[in-house]
Every structure is written in C-alpha cells, then in structure tokens.
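Asks: Note that the protein sequences, when read in sequence, are chains A and B.
The first sequence lines up with residues 1 to 562 when you count with UniProt numbering.
The second sequence lines up with residues 1 to 562 when you count with UniProt numbering.
None of these hints come from the bench; they were simulated from the model.
The reader is advised that the hints may include incorrect statements.
To be verified - Here are the in silico distance ranges between beta carbons for each label pair:
#	chain 1	residue 1	chain 2	residue 2	range
1	B	ASN221	A	SER418	51 to 59 Å
2	B	TYR92	A	GLU214	55 to 63 Å
3	B	TYR529	A	GLU29	33 to 41 Å
Every residue gets a Cβ at the ideal spot worked out from N, C-alpha and C, and that includes glycine.
Number of protein chains: 2
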Amino acid sequence: MATYLDPMYDLLLKYGVAGDDADRLHVIEIVLFVSLLCLCIILGHLLEENRWMNESITALLLGFCSGVVVLLVSKGQNSHILQFDEELFFIYLLPPIIFNAGFQVKKKQFFRNFIAIMLFGVVGVFISFAIISAGTRYMFTKLGLKKLSMRDYLAIGTIFSATDSVCTLQVLNQDDTPLLYSLVFGEGVVNDATSVVLFRAVQNFNFDAYTALEALQVAGNFLYLFFTSTVFGVLAGLLSAYIIKTLYFGRHSTDREIAIMALMAYLSYLIAELCYLSGILTVFFCGIVMSHYTWHNVTEASRITTRHAFATMSFIAETFIFLYVGMDALDVDKWKMSKTSIGQFFSIFGVLLFLTVLGRAAFVLPLSALSNYCTKSPNTKISPHHQVVIWWAGLMRGAVSIALAFNQFTEGGRTRNSDEATVITTTITVVLFSTIVFGTATKPLICWLLPAHFSSTISEDSDPPSPKDTSVDSEFHVPLLLGLSEADGENNGVSFMINGLPRPSSLTALLGGSTSGIHRAWRQVDDAYMRPLFGGKGFVRQISRPATIPENEALEDSDSQQ
Amino acid sequence: MATYLDPMYDLLLKYGVAGDDADRLHVIEIVLFVSLLCLCIILGHLLEENRWMNESITALLLGFCSGVVVLLVSKGQNSHILQFDEELFFIYLLPPIIFNAGFQVKKKQFFRNFIAIMLFGVVGVFISFAIISAGTRYMFTKLGLKKLSMRDYLAIGTIFSATDSVCTLQVLNQDDTPLLYSLVFGEGVVNDATSVVLFRAVQNFNFDAYTALEALQVAGNFLYLFFTSTVFGVLAGLLSAYIIKTLYFGRHSTDREIAIMALMAYLSYLIAELCYLSGILTVFFCGIVMSHYTWHNVTEASRITTRHAFATMSFIAETFIFLYVGMDALDVDKWKMSKTSIGQFFSIFGVLLFLTVLGRAAFVLPLSALSNYCTKSPNTKISPHHQVVIWWAGLMRGAVSIALAFNQFTEGGRTRNSDEATVITTTITVVLFSTIVFGTATKPLICWLLPAHFSSTISEDSDPPSPKDTSVDSEFHVPLLLGLSEADGENNGVSFMINGLPRPSSLTALLGGSTSGIHRAWRQVDDAYMRPLFGGKGFVRQISRPATIPENEALEDSDSQQ
Chain A
1 MATYLDPMYD
11 LLLKYGVAGD
21 DADRLHVIEI
31 VLFVSLLCLC
41 IILGHLLEEN
51 RWMNESITAL
61 LLGFCSGVVV
71 LLVSKGQNSH
81 ILQFDEELFF
91 IYLLPPIIFN
101 AGFQVKKKQF
111 FRNFIAIMLF
121 GVVGVFISFA
131 IISAGTRYMF
141 TKLGLKKLSM
151 RDYLAIGTIF
161 SATDSVCTLQ
171 VLNQDDTPLL
181 YSLVFGEGVV
191 NDATSVVLFR
201 AVQNFNFDAY
211 TALEALQVAG
221 NFLYLFFTST
231 VFGVLAGLLS
241 AYIIKTLYFG
251 RHSTDREIAI
261 MALMAYLSYL
271 IAELCYLSGI
281 LTVFFCGIVM
291 SHYTWHNVTE
301 ASRITTRHAF
311 ATMSFIAETF
321 IFLYVGMDAL
331 DVDKWKMSKT
341 SIGQFFSIFG
351 VLLFLTVLGR
361 AAFVLPLSAL
371 SNYCTKSPNT
381 KISPHHQVVI
391 WWAGLMRGAV
401 SIALAFNQFT
411 EGGRTRNSDE
421 ATVITTTITV
431 VLFSTIVFGT
441 ATKPLICWLL
451 PAHFSSTISE
461 DSDPPSPKDT
471 SVDSEFHVPL
481 LLGLSEADGE
491 NNGVSFMING
501 LPRPSSLTAL
511 LGGSTSGIHR
521 AWRQVDDAYM
531 RPLFGGKGFV
541 RQISRPATIP
551 ENEALEDSDS
561 QQ
Chain B
1 MATYLDPMYD
11 LLLKYGVAGD
21 DADRLHVIEI
31 VLFVSLLCLC
41 IILGHLLEEN
51 RWMNESITAL
61 LLGFCSGVVV
71 LLVSKGQNSH
81 ILQFDEELFF
91 IYLLPPIIFN
101 AGFQVKKKQF
111 FRNFIAIMLF
121 GVVGVFISFA
131 IISAGTRYMF
141 TKLGLKKLSM
151 RDYLAIGTIF
161 SATDSVCTLQ
171 VLNQDDTPLL
181 YSLVFGEGVV
191 NDATSVVLFR
201 AVQNFNFDAY
211 TALEALQVAG
221 NFLYLFFTST
231 VFGVLAGLLS
241 AYIIKTLYFG
251 RHSTDREIAI
261 MALMAYLSYL
271 IAELCYLSGI
281 LTVFFCGIVM
291 SHYTWHNVTE
301 ASRITTRHAF
311 ATMSFIAETF
321 IFLYVGMDAL
331 DVDKWKMSKT
341 SIGQFFSIFG
351 VLLFLTVLGR
361 AAFVLPLSAL
371 SNYCTKSPNT
381 KISPHHQVVI
391 WWAGLMRGAV
401 SIALAFNQFT
411 EGGRTRNSDE
421 ATVITTTITV
431 VLFSTIVFGT
441 ATKPLICWLL
451 PAHFSSTISE
461 DSDPPSPKDT
471 SVDSEFHVPL
481 LLGLSEADGE
491 NNGVSFMING
501 LPRPSSLTAL
511 LGGSTSGIHR
521 AWRQVDDAYM
531 RPLFGGKGFV
541 RQISRPATIP
551 ENEALEDSDS
561 QQ
C-alpha cells in the first residue's frame, strides 16, 4: 500500500527531475525541520554545561543560519516556505508547552506568590502598555512612520508589554530559582488574559467618545475572562479525574489513560479559544488540576509516562518555535517592502527596545514594593536583587509577539503598506535581539546577583528542590496513609502559620494572611470533598498489580497538600 | 499574548455572529475530532469485554454517525470539511502506527516466520493483483463502466490486493495469537513495498510493447526497493543507538533521549518517502532496531515512557484514522457525481468484494502449503484452520486503500468523470463493509476455529505471551550479566535446534534450516560486534542513579537474542 508520493512523482515527471511540487516541498520542509530539531537536541546536550548558552538560543541561531542557507540556495527567492504560520503556533505548538508548565509547576510556590503574580500580570501589563503605546505614538511619528493609526499604536503597546512565557521556561529553572520562576512565569501566564482583554478593547474602542464607563468595562471584561478561563480549565481537569477514577481505565490499558489526559487537556485549550477565553490560562489550570487529581488515579506506568512524555512534547514544541522564529527573521518580502533607511530602522528598533525596558522597569519596581508591603512572610518578599532579575528575565519577547504582530499588521500574510512592513521587521529584530541578549545574560546575572547559596535557602521550607530527588509516591504502597498524609498537610500549614503570620488585624495583614487562610480552607475542602470524589493523593484505587514505582520517578507529591 | 483568534474574530464581526471563517471552522473541526476521539476511547474501554466489537469498529461507526449529523446540520452542503486528506494520513498518522508496530513486535516470532511472510507479502500480492485486475477488467465493462483505462484497472488491482496493516493491528492480538499476528501483520508491512513497485510499474508501463524484460525489471525493482528500504531503516535505528550511547543523554535529561528516538524514526520515514522508497518498511525496521539496541541505552524512565508513549501515539492515530474513514463515507460530491443506478452500484460492489475474497484465497492456500513444505519446525507450520483465519483476517481494506483510490482517481480532490466517482464510492463502501463485517467476525472466528488452548500451546516455546507478565530488565540490576545473557541466548538457540531441526540435507531442509542457521550466525555477529558498538542488552552503560525498574514495565527482552 503505497504510492502516496505519486502525485509528487507525477508532477516531478512533468517538471523534470528537479521539479518543485508543493507536496514534495512540504515533505522536504518537514525533513529539514526535523533534522534541525535533532541537531538542536544534540547541540543543546553538548552545550548543557555552558553558562551562556541554552537550548532556545542554540535553536534560534541554528534556525537563523539554516534560513540564510535556504535563502542563498534559493537565490533570495524562497522566503515563502519560511512564512510564520499563526495557526501552527497557536493551535499545535503553544498548548503542549503551557499544559506541561501547569502539569509540572510547583503548586505551593505558585499559589504562595499569587498576589505578586496577579499584580505583575494585570496591573503591570496595563502600566507597560500605556508607556509603550504613548512612547511609540510620540516617537514613531517623529521618525517618519505616518501611516499607522492610533489603533496600531495601542496594538504595539499590547504586543510589547507581555512577557513571553516560553522564553521564561527556557531561561529560568524551577529547581534552582523557584521564586523567580514562579513569579516571572506566573506573570507570563496571567498577562495572557490581560492581553486578550486589552487587544479586544483596542479593536472595539470608540476613539471619538471614550468615557470612564468604557475603562470600567475593560476591567469588568478582564475579571470575567480571568474567572471563566480558570474555572473552565479546573472543570476540564476535574472531569478527566472523575472519568479516569470512575471508569478505571488502568484495568484494560494504560495507553487509554494517557490518551484521555492529553486529549482532554488539548480539548480544554481549543474550546476556551473558541469561546474567546484565554486558552493559555485554561490549559495551565487544567494541567495543575490534572497533576493534583488525575495523575493520582492512573497506573504507575502512566504516571511515569505522562510526566516524561508531556515534558518531551513541550521540549520539542519549544525548540521548534525557536527554530521557526530564527528562520522567520529572513522574511525577505517584508524587508524589501519596508522602505526605511538603515539609520531610521535602528532608531525605530532602539525606541521599541528602550520603551520595552522602561515599561517593564516602571512596574516591576513599584509593584514589588507594593507586594512586599502586602506580605509578611519572609519567603515571598522580593529583594532588590530579585527585582532586577525579574525585570531583566521578563524582557524577552518571543514567538507570541511575532504572531501578534503578523495578526495586526498583515492580511493573508502580506503587509498593506511600508510602515506596517517596518513594524513587522522591527518586531522580529526586537524578538531576536531580546531573546539572544537578555536570554544569554540571564544565567550569569542570576549567578552574580543571587549567588549559589540563595537557591538552597529560599527553597529550604518551600518545595523540594527537584521532583527527582524526593517524594516517593508513598500512598501507593500504603493505601491507608490518608490520616498520615492529612497530618502531614496540617503540619505544613502550621509551620506556614508560625513562620511569621500573626492573626491578620489590618488590611495589610489581611492581604498577606489571606493566602494562608485560603490555603487552610482549601485543604479542608480538598480532603473532605474533592479528593474522595476526584481521586488524588491517598484516595487512589488499588491497581491489580501494585508494582513498586521507582522512587526517583514519582511526580513531586509534596505539592498536593494545598 | 493573545488575540490569536482575532482574524477569526474580525471575520466573525464582518459576517455577523454566525460567520463561518475558515480558521474558526478548522478549530471547530479539530474540537469535533478530539471530542470524538475521547468518546471512542471511553466507549472502547466500556466495550472491551465484548466479543464482537473492537476499537476500530467503534470508531468507524462513531465517525459515520457524526458524519451523518454534520451532513444533516449543514443540510447536505458540508462534505468539504470531511474530505479525505492524503497528506495528513501518510505524513502524520501512518508513521507512528507502523513505527510502534516495529518497536513492540515480537521479533523472534517475526523472523521465525520470515519465509511465509515474504511469500504472502510478495508472491501473494502479485497473484491477487493479477486476479483482481483481470476480473474487474472483464466485469466492469459488462456493468457499463466504459471510461476506465487499462491503467485504471491495474491500479484497482494494486489497491485491493494489499492487506491493511492498521486494521490487522486492531483485530489480531500479538499476545493471544502470535503466529497469526506475525504472519498477517508482517505480510501487511512487506506488501507495502510490493505495492509501491507494482503501482510505479503500472504508471510507467508501456502498454503497446511489453516484453519479458519489463517483467524482469519489475522484479528487480522490487528487490532493490525492499533491500534499500530495509537497510535504510536499520541504519537509522543504529545511528540513533550510536548517538544515544556515545553522547550519553541520560546524564542531562531523559526528555532528550525520547525526543531523539521519536524524531529520528520519523525522519527515517520521511527521507525514505522522499527517496521513493517504502517508508513503511523503513520505519518498521527502524522500530525493530531501536527496540533491540537504542532502547537499552536510555534511562529506565525513558524506557517506560517510550514504550507507553509510542503505543499511545499509535493508538490515537489508529482511532483517528477509523473515525476519519467513517466520516469520509459521506463524501456527497462523489456520490452525486457517480451516475450509477442502485442495482449497478451493488453489482460493482459485489464484483469487487468477490474478487478481493477470491484473490486472497487464491494465494493463501497454495502459499501456505508451499511454506509448510519448506519448513520443518512444527511451530511455524500453518494448519488448515490457521489458513482460513489468515485468509479471513487479511480481507480488510482500510484507509490506505481509500488514499490510493483518491490518488489514482481524483485530481485535486475532484473526480474527472462519473466512472471514477463510482470507483471512489465503491472503494469507500468496500472498506467500510470489509472492516465492519470481516473485522467483527474475526475474533469469534478465531475462538471457533482455534479454541483457547491454542494460544498457550503455540506460544509455549516461542515468545512470552505478554511483555507485561515477564522479562525483568535484569541486566540493569546486574551489569556484569553479559556472560549469563549470552549463555541464555545460546541455550535458546540450542533448544530451537533440537526442536525438530536436523542438519539440512535437501533444498527443503535447507530453506527451513536456513532461518535457524542465519539466526545463529546473526547472534554471534550481534554479540561480537553489534552490541558492543551500539549498546543493547548487557552492554548498557550504568546510569548514575540505577533505580529499580518496575518488573512489569520492562519492554520484552527475551526477544533481543536473535
């Protein structure tokens, strides 16, 4: 059963041996990409111990180099097969990355910093958006870009005010710098929802008569979007837990469990997008819920497999994106269409970069101070050194910015005028520059500002530093450990309370204490209602073949007590 | 970072709320498919114990029903989103299925039956092809199809003479009926190469002056294609083993190992297709080599993950294909274009089905006799009951037949005349009918013809019945087990020799004994050169954290002694 290449074969016969049939070209493109992916993985492995490099920068540079080669081979003609494809990015590549981040996130650390994350992700984006929009509006007209509308400037504001969560995942390490990771990555996830609202608001804004009511509407929209996206993700996760717990898939096949988990998470992302919610928020919370409930209901083999298979998918998708962005830098059509001089181009580039840096500084420092003021727990205080790293590590703009720029400034892949082409090319340049420069310098900066002992002190009473070193999946061996595990959780909570949290008496203390109060209340609900219903640690059904799970392979469980 | 749905959003605004933007439709289509996949998995689980149903038939029926619903909702208009897409099938869905089959196949059983498999897969396809081509040529003109050329009839011959390996995987169970599985599935893989050659030959055949030389050329082409495809797959597998062994990926991350294995296997398929080889053969042998060498070089976590993740991918792809074929039955354009009466349609359908059944009977029975004559080992004798089941279980035609029919009889998804539309619609009907009828009846037929004790006797001294029940990955715990494991292999070989194989003295004995001789020679080469170089059982480097691997999770190792 073959001949699938025959349409190509026919065409190749028609056009002679060196024919350029579209199907065949497509296969060649995939071969090229997959080969580059393999090369990236090998290079990334060899450069693992290098302080300056990381996988994303390797991929970016490799993509760029191969883009140059393709361009040279095709004599400057073939930028078409390198065209950035929004659909590929948002429908296939992004969901596994964000889902895996939610699935493997250290939940305790994440929820402990919830206030700071919300401040950065919501208020911060608004501040940065205002600065970048106003700044570009003021400077770009001076630099000779006259065809952009107010709406375009506001769009530029949203495009450059959001941190790229994919870059963050590559540069910050959850185990080494848990506080930084949860803050910067958490912000990246939350500001997705903010951007959706902002971008929609920009699209529908009535510029002739804007009132305070419309601003209120934007705020209301945000709350609605954030709430519904989160709830939807949580419900999807719970549904998967319930189905797997009730139907007891492990009895017949472990593959079905894995398939159901992956497919339901993906479905939650897609449906959220269809309903104009934030798919990123949804699938992130779906991942968190799945690791808290569903993951405990499946067989040991499925646990190990999901943990590594989801990480691998995410890893491949990330590498793919960076390769893609690297290749995309050579979109010759846009470069040709943009009619700016070199001086003008670098001015525009400089302005955008400066505004991005300024916009981020303008919210990281004051909001960190506010967050420090609101919280009493020494673990969640953000020191000045931390603030600098947060500011720096969140400066990277990635594939999402490019996708948004294409969305706003092209129609069917083509720009409408030279100014729009200029915006696209500068966006690509800013993304490349910020990823390479800020990306390479982040690791050294962390080493310099937050010396090695930092990570051990900060993670001492927070999460265990690595899921690989700890957390035997003990409830599996002792199915009646429920009481113990509850006591454990209680203990945890007590130490958290003692750790510097008196009864809240003022607003500040209330804000700071509320996370702990919520945490305790949540644990009670979880133990009493949620885990008996949806499974989870201590509530798993015994599998017929209760083989030992390798101790270093269990997903981190100490987190499941929130 | 959001607004990825905004092109849809814009368009929806333009067209009103119920707009039908293409991107949005595409997302809806994916949501529909993923939901159906989830439903299939759940239904398949619930129907697991049912004797008549299996996952593929559930998927086929579910696909058909949802196709009807879509058609009703769109008032008969919307057959477009159900259009069968060859590229999706051959580039994305088929490779993981065939790779996983190679990765998890019981290698000893497969190679023991090699002669019978080659007879069925090569000679059998030629016999069946001749009968179906001649039969349709004779009957179709009588039934009023006058626009088909000789080339079309020969194409119909190739389309209907090849067993669908995907269907076989679903209907036959490797653990319960290892001999049947290896024969019918092995045939399915090998006849892919045969079909490539036949189809190419048909395309380039000079009908005015065909000579014996051309027939010889076809045979030569087949040998070349079979040899190069196999060698390429083996080389790709060895390369992956060498890279992972040399670079020692497990040191840094287990995800990289998994990614490299999956990507290199996929790459081998794509490159084989680009070089006009049989990608199916290539990726199948790549899977075999990977399970023999590469799989032993990775960490325990990667072993468990690859085993289950590849199986899950294959499972999802299979279910997807059957859903797809079920929906595809409702390609209204083709049905409208076909101008046959109901009587004529059923006559054509009946002729095709009869010729398929006859063509398969015409080679299974004589070739089984030949195979029995050539082999002396009682394990590989094909009893009359087996012959009936082989004949029956290989009658299913699947997605590959549909893809080939679309390839031959459409241009850009459209048929050129009414006769071609008729061939397409009959092909779809034959596929649906054969999968549902022959598929549902296979399990009961096996139970009836080959009662339960069969499977235990046949598998007694062949492979262990299930990878889950046996095969502790023992060389991992005792890294110096090399000598032991060799002795083990030797032992195995000796019992194989004693089992009824005297020194070959005649051609028959030579043919029968050759597999055993080759097997011994191969084992010596494997121990002396291959495994020291490429890793493999007994030659793995010790991983820094040598945790225990769950005994029931190790991939079947007793096979690695060939």
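Asks: Each hint needs a verdict: does it hold in this structure or not?
Replies: Results for each hint:
The hinted window of 51 to 59 Å between ASN221(B) and SER418(A) holds, with their beta carbons roughly 55 Å apart. For the hinted restraint 55 to 63 Å between TYR92(B) and GLU214(A), the CB-CB distance of approximately 45 Å leaves it violated. In this structure the hint that TYR529(B) and GLU29(A) lie 33 to 41 Å apart at CB holds, the actual value being about 38 Å.
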